[in-house]
Each structure stands twice: as structure tokens, then as C-alpha cells.
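**Q** In case you want the letters, here they are:
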Amino acid sequence: MMNVGCSGDTPTSPTDTTTTTTTTTTVATPVYTEEWIDTLAIGGERFYSFTVTQYGTVNVSLTSVSGQYVPSTVILGMGLGTPAAETCSATSTISTPAGSGPQLTGTYNPGVYCVIVRDLGNLFSAARFSITVAYP
Amino acid sequence: MTVKAIVGVALMLASAACSEEIETPTSATATGPATVLFSGTLQPRTTRFYSFTLTTSGTVSALLASVERNGVPAANLLEIGIGSPAGTGCAVTISANVSASLIPQLRYDAAEGTYCVRVADTEGLSAPMTFTIRVIHP
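Each protein sequence line maps, in turn, to chains P and S. First residue of the first sequence? That's -16 in my numbering, and the numbers climb one at a time after it. First residue of the second sequence? That's 16 in my numbering, and the numbers climb one at a time after it.
None of the hints are false.
If you want a taste of the chain S side facing chain P, the calculated C-beta under 8 Å gives, among others:
| id | residue |
| --- | --- |
| 1 | Tyr65 |
| 2 | Ser66 |
| 3 | Ser99 |
| 4 | Pro100 |
| 5 | Ala101 |
| 6 | Gly102 |
| 7 | Thr103 |
| 8 | Gly128 |
| 9 | Thr129 |
| 10 | Cys131 |
The set of hints was computed from the structure by calculation and includes no laboratory data. Don't be surprised by glycine CBs; every beta carbon is placed ideally from N, CA and C.
Chain P with its partners taken away, still in its complex shape:
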């Protein structure tokens, strides 16, 4: 038995079609900078909230610590997170002295975030501190 009816057709080789979709997410650099100057009591903590308007990099720098009986190299706790209840729930923390920084950095979606600073038990008197927050 021969396949006469189909003999005239020229078979074609199947071709593979690959569709590649590439989504590029741009990480914005900080465009806003806020300087937070405040006083930290012995054993205390303070926090500061800010709003990120586009997905991008947030940098937090503890730039200075001063005060009577407060060495400028004293180590404080610092964290970055979201406001929750009466505090700032930190998702990223560090123990650090003041410096040019940033000591904390991360990439965040739009939303409200906060930076918290706390005495780790190293203060013998209230400390004046300065923190710079840069965000997109």
C-alpha cells in the first residue's frame, strides 16, 4: 500500500518559537534627604517615619553623637522598618558608632518606613544625635 494521495506534499519541518518577556525593574536612587536631630535618653529609644514614593534605595546614616559624658564613638542601636503601634518595628538593625555612613541601606517598595535609634546600655547621660535618611 502506498501513500499516493500525500506523496505530492512536501513536509515542512516544525519550527520552535520562543517568546522571551523581560521585565526590567528600575531601582531608584535616593532623591529626598531628611536630617533628624534629636536627643536619646539613657535606656531610651526614638524613631522617625518617612514615606518612600517609588521602589528604590534607602540609606540611613548615624552622622553624629554628642553630649556631656557621651563619647562621639559610643555605639548605638539603629534599625530600619515600619511604624507599628507605638514604636518602629525594625526589619534591619545594626549596632554602630557615628560615621559618614550609610550604616544601613536597603531596597524598599513605596510605603511608610521608619528608622529607630536606641541606647544599648552604653550611655551615661542623654545623647544628642543626628541621623540622615535618604530615600526615593
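Using the hints, position chain S against chain P.
**A** Chain S only, in chain P's frame:
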């Protein structure tokens, strides 16, 4: 066959019969509103605030549930407000001077995100007061 054996076999059969009737429970997700109670002591001419997060959009309502001095209900007016955490405080979008009530005194239509409720003494309290604010949100 002893009585104990008969009872044992009967229990086994009953158990087997019941086991075929067990249905797999379906999961249920509660979608009702959440209630937050924010209580504390308010010093004269000060403010306090409390942050909360909405995972879905909807109406946020707040009421000053109680104001007391030394455990005795007081009729003092306090300012309550709803807004967003900003800086070291809560930047309120809506606010009202109210006394304690059991009905919502503020309503705010909000998208997903982080918000705060603030209580402030704007009248000049003569002494610290304890307060409770009830926030109901989606």
C-alpha cells in the same frame, strides 16, 4: 467470644463506618474588620500616636472610648485624628475635638498602607488623663 471482645469489635466497626463519613474541612478566611485599642496616659499639652497597617482598602473609624482621671470618667475634650506617620509624629488628615463616646467620631476612607491615630490635648488639661481610643479598620 467474651463481652469485652464483642464490644471491641463493635467499636472497631463503628469507627470504620464513621471514618468513611469524615469530610475534609474547607479552609475559611475571616474577612471581618480589625479592632485596635490604643490606651495610655496623656500629659497636658502633649500628643501620642499609634500606627497600624491596612492590608486592604476601606473605611477606618475611630472613637475616643474613654477619658479618665484617677479612674473616674471625665468629660474633657481631646483631639483625635487619623493620618500617616511622619517624622517623629503622626501627620493627621482628619481630626476632631471630642469627648468620650461609644459611636464612631471619625471616618476615613483609606487605601492599603500604614496609618496612625493621634490623640492630643489642645485644651490644656489640668492633670494627666488616661484614655482609650478604639480604631476599627479593614
